[in-house]
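K.L.:
Using the sequences and the hints given, assemble the complete structure.
Residue numbers (the numbering used here), protein chains in the order written: chain A, 6 to 113; chain B, 2 to 109.
Keep in mind the hints are simulated off the structure, nothing from the lab.
Model, not experiment: these values are computed from the prediction.
Heads up, a few of these hints could be off.
Stated by the list, open to error - For the chain B half of the interface with chain A, some residues (derived, Cβ under 7 Å), not all of them:
{"#": "1", "residue": "Tyr5"}
{"#": "2", "residue": "Ser60"}
{"#": "3", "residue": "Ser62"}
{"#": "4", "residue": "Gln98"}
{"#": "5", "residue": "Ala99"}
For each residue, glycine too, the CB sits at the ideal point set by N, CA and C.
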Amino acid sequence: MTGLGYTLPAVASVAVVCAAELAVLRTGLFRRAAYWAAIVIVLAFQIPVDGWLTKLSAPVVLYNRSATTGLRFPWDIPIEDFLYGFALVTAALLLWEYQQSRAEGQAR
Amino acid sequence: MDHYQYLLLMVACLAATAPLELLGARVYRQPGRLTRAVLPVAVAFLIWDALAIAGHVWSYSPRYVTGLQLPFGIPIEELVFFLVIPVCGILTYAGVQAVARHLPGRRP
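P.N.:
Rendered as structure tokens:
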């Protein structure tokens with residue numbers, strides 16, 4: 006495959022998650038300082054964890070070179086992983102908040 | 002022990018975030034809400050995983066996984082990853098909110 010089989014889905018996953026919030030869920034998560042603080046912390050911890058999984062000296066996960074941009078930073082982490090991680094964690098946080106907003110709506 | 006590397010890394014993530022619950026995150030104490038936040042996301046990412054494995058976008062070193070697999074060649078470690086990482090993300094977010102509640106004059 007020549008079509009960046011990881012890069013494009015990774016970008017799309019972020020777009021889908023953002024669109025889900027803005028168009029459907031409307032939890033207000035993106036306006037919360039606690040969310041952005043959590044994202045920064047998660048990102049900081051992603052580096053050692055993901056760095057371990059992707060290190061080229063003894064990789065746990067191996068990427069098809071043609072599926073990515075080939076940009077790996079820091080260490081050997083494919084940059085696509087940061088989009089992937091953002092989408093994964095944000096999606097879960099959106100559903101976490103969505104239930105809270107629904108519960109509050111029902112209580113009113 | 003090499004075969005348990007990926008799993009042990011996930012255990013380390015759970016252990017590292019567990020104290021946040023004691024800090025007042027109240028995540029594990031809402032098992033229903035947590036399940037409804039994490040499970041749909043895990044299913045979506047498992048489907049992505051199956052497609053990526055089938056498309057040879059990424060693969061897993063047999064050396065660092067147990068060899069236990071779900072259908073479509075998904076290592077059991079991936080299921081654990083899709084459960085653990087969102088839980089860690091929610092704990093981080095709820096932990097930030099818990100800490101913010103203790104700061105005077107701040108709204109999380």
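K.L.:
Tell me, which hint numbers fail for this structure?
P.N.:
Hints 1 and 5 contradicted; others consistent.
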